[in-house]
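Each protein sequence line maps, in turn, to chains A and B. Reading the first sequence from the start, the letters are residues 1 to 204 in full-length UniProt numbering. Reading the second sequence from the start, the letters are residues 1 to 204 in full-length UniProt numbering.
Just so you know, these hints were derived from the structure itself, not from any lab. Don't take each hint at face value.
Same chains, same label: a pair holds when it works inside one copy or across any pair of copies.
Once the Cα atoms are required to be at most 20 Å apart in a straight line, the calculated SDA-like pairs of lysine to any residue come out as [claimed, not checked]:
{"no.": "1", "residue 1": "K9", "residue 2": "P27"}
{"no.": "2", "residue 1": "K131", "residue 2": "A167"}
{"no.": "3", "residue 1": "K131", "residue 2": "F199"}
2 protein chains.
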Amino acid sequence: MRISELSTKSGVPVPTIKYYLREQLLPEGERSAPTQASYGEAHVKRLGVIRALVAAGVSIAGVRRVVETLDDPPTSAHLLLGSAHVAIAPPADDALDLVAAKDLARQLGWEPGTGEESVLYAVARALDGLKAAGFEVAPALMATYLTSMREIADAEIAGVPTSSPEAAVQYVVLGSALVEPLLLALRRVAQQVASAKRFGGDVL
Amino acid sequence: MRISELSTKSGVPVPTIKYYLREQLLPEGERSAPTQASYGEAHVKRLGVIRALVAAGVSIAGVRRVVETLDDPPTSAHLLLGSAHVAIAPPADDALDLVAAKDLARQLGWEPGTGEESVLYAVARALDGLKAAGFEVAPALMATYLTSMREIADAEIAGVPTSSPEAAVQYVVLGSALVEPLLLALRRVAQQVASAKRFGGDVL
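If we strip away everything but chain A, and leave its shape as in the complex, we get (with noise of 0.2 Å):
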């Protein structure tokens, strides 16, 4: 098809396509004349992976780290979720202290070696802004927290497909790139739901 069927099929609009093509996103289409090409259902598909990461808040330079994944999976599934993890991943900070993450990291099952120190960065980073705002987390809550995500990620892990690399990496790095504005918007209508029942309408 040409650009323009590809600009309806994706519902993405032709220069934002081209951008795409130069940021090397979207892999050319095939040549059909000096000033035309043709483009297939690979194409569709991706511009809907990549419509969705940016949707999802990712940068440009995440979304070429997930489309490389895609084009070239690691062989191990384990290292696969790693890379997956990397590139949807703001870069490390020597700055950050790991000590409070690692301990709840250690909390989850983290040893050395478990996986990508990444993560673990991030960990520290949103411990770093809660201290900042001198916001505390009541260690029961923590126990909750650290509960509640141990049982998604057991779930998660679980329907890894294994099928082929291309399943896998899709699974993974879709799975926790999109699945994140669910889960924290699921949490604000449970909050809703939790204090309505709570308050009501009382007055502070």
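Given chain A's structure and the hints, the job is docking chain B onto it.
Below, chain B alone, put in the same frame as chain A:
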């Protein structure tokens, strides 16, 4: 204290402090001379909140809404939670289909009138992103998401302090926005642990 000392104490550079003052995120200091102002502990604390929100990915417009809620909190604890969610939520989008989102919300105990509809838009937007990428969440996994988020929200709302509107809004706004990166980071650590357990060094 003078602006240079405020900068040292808060770790925020002077030009950034001036930017926050111009954007009215930070209240003016007390004029001590025509070209000089004096700042207090409230400014240090407010800068911590702003810096944490910005680090958590909240936009300047979002920070302004949070700051306005902190300066003028609503009188009901439930309304407070609602306005906090609205402050940090992306704008509603009428193009989104709310049917699937409402179905999930109902499973969390949501009924019409429970709270701010804006949280449903966030669910719909997340589902839309997953759909655009061709990613399906298996029903059993979705059930785990719903259960975990309900447990988290119940524990969080049970801990909302009711001593003062300021304490409650601080807890709700910061707890919503700043705990998000912590939950997501803990999920990734737990995924690495579960992945190492399931796959070890297995080759696909």
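Cross-check of the supplied hints:
1. K9 with P27: within (17 Å within a copy, 50 Å between copies)
2. K131 with A167: For K131 and A167, only the inter-copy Cα distance (16 Å) is at most 20 Å; the intra-copy one is 39 Å.
3. K131 with F199: Neither, since 28 Å and 35 Å both go past 20 Å.
In the structure shown, a violation is registered for the earlier hint numbered 3 alone.
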